[in-house]
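**Student:** Next come the chains, spelled out residue by residue.
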Amino acid sequence: NAGVTQTPKFQVLKTGQSMTLQCAQDMNHEYMSWYRQDPGMGLRLIHYSVGAGITDQGEVPNGYNVSRSTTEDFPLRLLSAAPSQTSVYFCATLSALSGEETQYFGPGTRLLVL
Amino acid sequence: AQTVTQSQPEMSVQEAETVTLSCTYDTSESDYYLFWYKQPPSRQMILVIRQEAYKQQNATENRFSVNFQKAAKSFSLKISDSQLGDAAMYFCAFLSYNNNDMRFGAGTRLTVKP
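Line by line, the protein sequences are chains A and U. Residue numbers for the first sequence follow my numbering, beginning at 1 and rising by one. Residue numbers for the second sequence follow my numbering, beginning at 1 and rising by one.
In case anyone wonders, no lab produced these hints; they're calculated from the structure. It is possible that part of the hints are untrue.
[As the list claims (entries may be wrong)] Beta-carbon label-pair distances, calculated as ranges: (1) 44/A to 7/U: 40 to 50 Å; (2) 16/A to 61/U: 21 to 31 Å; (3) 85/U to 17/A: 50 to 60 Å; (4) 97/U to 59/A: 29 to 39 Å; (5) 7/U to 59/A: 28 to 38 Å; (6) 15/A to 17/U: 42 to 52 Å; (7) 74/U to 44/A: 35 to 45 Å.
[Claimed, not checked] Short derived list, chain A residues pointing at chain U, Cβ under 10 Å: (8) 52; (9) 55; (10) 64; (11) 72; (12) 78; (13) 102.
In this text the structure is predicted, and so the values were computed from the model without any measurement. We treat Cβ as the ideally placed atom computed from N, Cα and C, and that holds for glycine.
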C-alpha cells in the first residue's frame, strides 16, 4: 500500500515550458487535490476533484490545469511555466468515511522555474 | 471563505517541557473538522491530531492534545514532554464538512532545545 505518490521529486523548468506533475493513490479515495506551498505561507489549494471526471478550482488555480480520468490518478499540468510558480507542490487525498475524514499527503514535488 | 490564523511564526521549548501552539479560525459553518499537521525538514505532511467540531471532548494522541473552544473559534495544540523529534513546522488546518475545502494557517516553526 503505497498511499499517495508523486513524481518527479524535483524539477527545473525554463520560463514558458510546460510539464505535468504526476499524482497517484492506491487508497480508492474519491477526493483528490493539489496544493502549493510557498515560504512563510501555508498550503493553498490549486484544484481538486471529487471523483473521476469531476474537477473544480481552488484558491489559486490560474496557470494550472487538471483532469481526472481515473480514481487513482490526478495529474497537474503547468501550461506555460512562470517564475511565480516556483514552489513545492503537494497532492492529497481525502478519506471521506464518516468519522474518519482526513487528508493524506504525498511527499511533494519541488519545482524551480528559471 | 474560511481563514485560519497562526499568530506564532516561531516557538521554542526545552526538551521534556510542555508547549502550546495557537490557532484561530473564522467560519460561519457549524460542521467542520480541524487538524494539526507536522512538517519536518523532509517536507512530508504528517497528521498529528484531528478534531470534529460536533465533539465537545478534546482530542488526544499520546503526548499531543488540543484545546478546542468552538465559541471562541480557537484550536490550540499542546505538546507534552517535548522531544527533539518534535522539532518541525506545525500547520493548523480547517476542513469544511460541506465542500471538502481545506484551509491552512501559515505555520509555526517549533524548535526543541536539548
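**Student:** For each hint, tell me whether it holds in the structure or not.
**Tutor:** Evaluated hints:
Checked against the hint of 40 to 50 Å, the pair residue 44/A and residue 7/U fails, with Cβ atoms roughly 19 Å apart. Between residue 16/A and residue 61/U the beta carbon distance is about 46 Å. The supplied range of 21 to 31 Å is therefore violated. Between residue 85/U and residue 17/A the Cβ separation comes to about 39 Å, which falls outside the hinted range of 50 to 60 Å. Separated by about 18 Å at the C-beta atoms, residue 97/U and residue 59/A break the suggested range of 29 to 39 Å.
Against the hinted window of 28 to 38 Å, the Cβ-Cβ separation of residue 7/U and residue 59/A comes to about 21 Å, which falls outside the hint. Distance hint for residue 15/A and residue 17/U: a CB-CB separation of about 48 Å, consistent with the stated range 42 to 52 Å. The hinted window of 35 to 45 Å between residue 74/U and residue 44/A is violated, with their beta carbons roughly 23 Å apart. For residue 52/A, the suggested interface contact is broken, since its CB lies about 16 Å from the closest CB of chain U, more than 10 Å.
For residue 55/A, the interface hint is violated, since its Cβ never comes within 10 Å of a Cβ in chain U; the closest pair sits about 13 Å apart. Evaluation of the residue 64/A hint against chain U yields a violated restraint, the C-beta minimum of about 17 Å exceeding 10 Å. Interface hint at residue 72/A: violated, since its Cβ lies 18 Å from the closest Cβ of chain U, which is beyond the 10 Å cut-off. Evaluation of the residue 78/A hint against chain U yields a violated restraint, the C-beta minimum of about 19 Å exceeding 10 Å.
Taking 10 Å as the C-beta contact cut-off toward chain U, the hint placing residue 102/A at the interface holds, the least distance being around 6 Å.
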